[in-house]
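What follows is each chain in one-letter form.
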Amino acid sequence: MTSVATSAPSPAHSLSRRELLCGTAAVGALALATPRIAQNAAIDPADLTPLIDEVSDLVLPGSRVARPGAFIASVLPSRWRGLTVDDVQRVGRWLDQAVQGQFLRRDLAQRYAALASLDAAAFGRAPAASRAVDAETGQSWQTLKRAVLTAWYTSEKGGAGDLAFQLVPGRWDPDLPIGDHPHPLSNDWLAIWFS
Amino acid sequence: MTDTFDAIVIGSGISGGWAAKELTERGLKVLMIERGRAIEHQADYANELKAPWEMPFRGYGDQDLLDREYAVQQKGTNFDEYTMDHFVNDADHPYQTSSDKPFQWRRGYQLGGRSLTWGRQCQRWSDYDFSANARDGHGTDWPIRYADIAPWYDHVERYIGVNGSHEGLPQLPDGEFQPPMPLSAGEKALASRIAAAYPDRRLIPGRSANLTVAKEDEGRAQCQYRYLCARGCSYGAYFSTQSSTLPAARKTGRLTLQTDMIVERIEHDPKTGRAVAVHCIDARTRARHRYAARIFFLNASSFNSVGVLLRSSSEGFPQGLANRSGVLGRFIMDHATAVAGIATAPGLEDRTYFGNRPSNFVIPRFRNLDTADPRFVRGYSYQGVGIRANWPRGVHLPGVGPSLRRELASPGEWRIFMVAFAECLPRADNRVTLSKATDAWGMPQLDIRLHQGENERALLSDAASEARAMLGLLGGSILASVAEPDLAGSAVHEMGGARMGHDPATSVLNAHNQAHDVPNLFVTDGAMMASSACQNPSLTYMALTARAAAYAVEQMQAGRL
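Those protein sequence lines, which keep their order, are chains A and B.
When you number the first sequence by our numbering, it's gap-free, plus one each residue, and the end is 322.
When you number the second sequence by our numbering, it's gap-free, plus one each residue, and the end is 551.
These aren't lab readings, by the way, just hints derived from the structure by calculation.
Some hints here could point you the wrong way.
[Unchecked claim] Chain B side only, calculated, beta carbon under 10 Å to chain A, not exhaustive:
#1 L173
#2 T202
#3 V203
#4 A204
#5 D207
#6 C213
#7 T342
#8 N350
#9 P388
#10 T496
[Stated by the list, open to error] Where chain A lies over chain B, by a calculated footprint (3+ residues, C-beta under 8 Å):
#11 47 to 59
#12 295 to 302
Note that beta-carbon positions come from the ideal geometry of N, C-alpha and C, so glycine has one too.
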């Protein structure tokens, strides 16, 4: 039997409990099937900032205030939340083609319609006549969507604005009327983990 | 130059801390050796109070770095950007395993070891467990029974503080509990349905080493329900070496602590038949040191303790110290785990909770207690949680725009998760050996081979089926149910390799954790385990450590050691 040193990632992939519980399995499935090679070195991730800002603001209106583009672009080289430059570019290309021009130069209604169309197609909910989304682009979209959601709800404005944030709750109330806490804690770590 | 002590404790984790506390409090001058760096309580919990937006990667870490240097650790629970300094760097500390059954070895090389990051669940074992090997013939009979360990469970629980409910279950004996951490609404709903449908099953609050009542005399506050335990807790609200046993040992004035010191081997004197010293390498300077003592407690964690013994071979013990039986390194185990079921719990949309309970619920074992299931031996239990889905559910929701933002600002559906912990049978071919590959200090790496067998798979198959049946009582949807075992090591309950037993020909340790072949050598971490049960093992490590320490001191005082 061959031995493998563990200083390198295991060549075999098995769905781990952590992946299943974190809900990353579905999003990461294609990424695992498609070997991750070096990211597009010709692109400066910072150039993708405007696109990411715009996509974030369409997914979660108002989230631009947390500057998601700058943050995500800064961590793109390390594949934060599984996202790559290629993913963002792939989504950008699809959106450009959907508006038959430059996505970022279209008006809000057109940008929203294009992104909503991509999202619906990626989730298999697009009308039959809609523009198709290939599996790779659909996967890239879901990965980018995960990144913008994470960027927002782990920012102070999103995590302590839309949601509640109390690092030291000080008590455990196991059963309360929903009206007492209509907004969940963004630091409900178990719920984050298990959602 | 050799420094001399009454006792040397190798390792500062859950059991090592207990050994140091008990031995110093009983009057011995003790050296505790830790291979990793010092982490002082409160002062060194670097990320304890940080919010996600204060972290460079918002808590998720640099994925390239994690893949490069934390390939194994990052797959485990409690590992994230906040806590990664409490786990080993896999690249710096490689080990060998088989490519078809990779063992996931989760480690923490620092003062306190994995006591900083453990799951804190404290479950007593019962005579169903201590007599299991004798009943069905797998493994070798434990040399102790529940009555031998029960007072030591009491002793440990009272000191560390364990919350829990009194249930009167013979398979999961009650203890000296602080008030429990109650079930959430979703969990209560499932508990009542299970109680109505299954007279032999019960869903109960977990039993965790988090204080629900402060221990002011020990400087420990009650839990603040942050669930940041693995970052280190300045309140001292969960049990760790730093919060509990180390202060007690230091208070005696008889403890010497040496960190950054890797034990290479234990020196044995063939003339006296006793261990006489440990040989160490300074992890930073590579300088060599020798420390002598009258007795030795090996608490380096299950497989590292086996490694120390295997590396301590000599003319008298060519296969490793205290290994005349030839079983050293064999019969290793880890609970077989799987996400047996995830389900929604409709009808509770108007109920929520507040705070972060650092515990879970438990459904104790119900198989093969007083009946014999023809499909498998032993049993399994479940641990789980009931939560309201939070913002990450948005990743899987179609839709963008204002409606998505509104949706995610409210609690999501109730979800109940149940993870099965199945007993792993002791098998000789599940084994730790020394590899030809060496580590950065020139010592042989460990080679760990552990596969889960047909019995474990049958247990998990039944556990998944029964989880679906129980969760189905809620009337929601089953979102997932897995019967295939996680990679071995995922439970972080590795056990065995230097098992206890009656017979020196088939075991390494006697009923007092004393090596059959070397009377002044005690092994009281997970390496001692002769079976795995399906309960969390750490409480048993602590209780047997305290018991062994009392015995060792008694023997020394009587002139027999």
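Taking the hints in turn, this is what the structure says about them:
1. Among the interface hints, the one on B/L173 holds; its C-beta lies about 6 Å from the nearest C-beta in chain A, closer than the 10 Å criterion.
2. Evaluation of the B/T202 hint against chain A yields a held restraint, the C-beta minimum of about 9 Å falling below 10 Å.
3. The closest approach between the C-beta of B/V203 and any C-beta of chain A is roughly 14 Å, which is over the 10 Å cut-off, so the hint fails.
4. Violation of the interface hint for B/A204 is found here, the shortest Cβ-Cβ separation to chain A being roughly 13 Å, above the 10 Å cut-off.
5. This hint is violated: B/D207 has a C-beta 22 Å from the nearest C-beta of chain A, more than the 10 Å allowed.
6. A distance limit of 10 Å between C-beta atoms decides the matter here; for B/C213 the minimum to chain A is near 8 Å, and the interface restraint holds.
7. Residue-level restraint check for B/T342 holds (minimum Cβ-Cβ distance to chain A is 5 Å; threshold 10 Å).
8. With 10 Å as the threshold, the beta carbon of B/N350 comes within range of chain A, its nearest partner Cβ sitting at about 9 Å, so the hint holds.
9. For B/P388, the shortest C-beta to C-beta distance to chain A is roughly 4 Å, which falls under 10 Å, so the interface hint holds.
10. Annotation: B/T496 was flagged as interfacial toward chain A, and the flag is violated, the nearest CB pair being 26 Å apart, outside 10 Å.
11. For the segment 47 to 59 of chain B, the assignment as covered by chain A holds, since 9 residues bring a beta-carbon within under 8 Å of that chain's beta-carbons and 3 suffice.
12. For the segment 295 to 302 of chain B, the stated coverage by chain A is not satisfied: 0 residues place a CB nearer than 8 Å to a CB of that chain, which falls below the threshold of 3.
Checked against the numbered hints above, the structure violates hints 3, 4, 5, 10 and 12; every other hint is satisfied.
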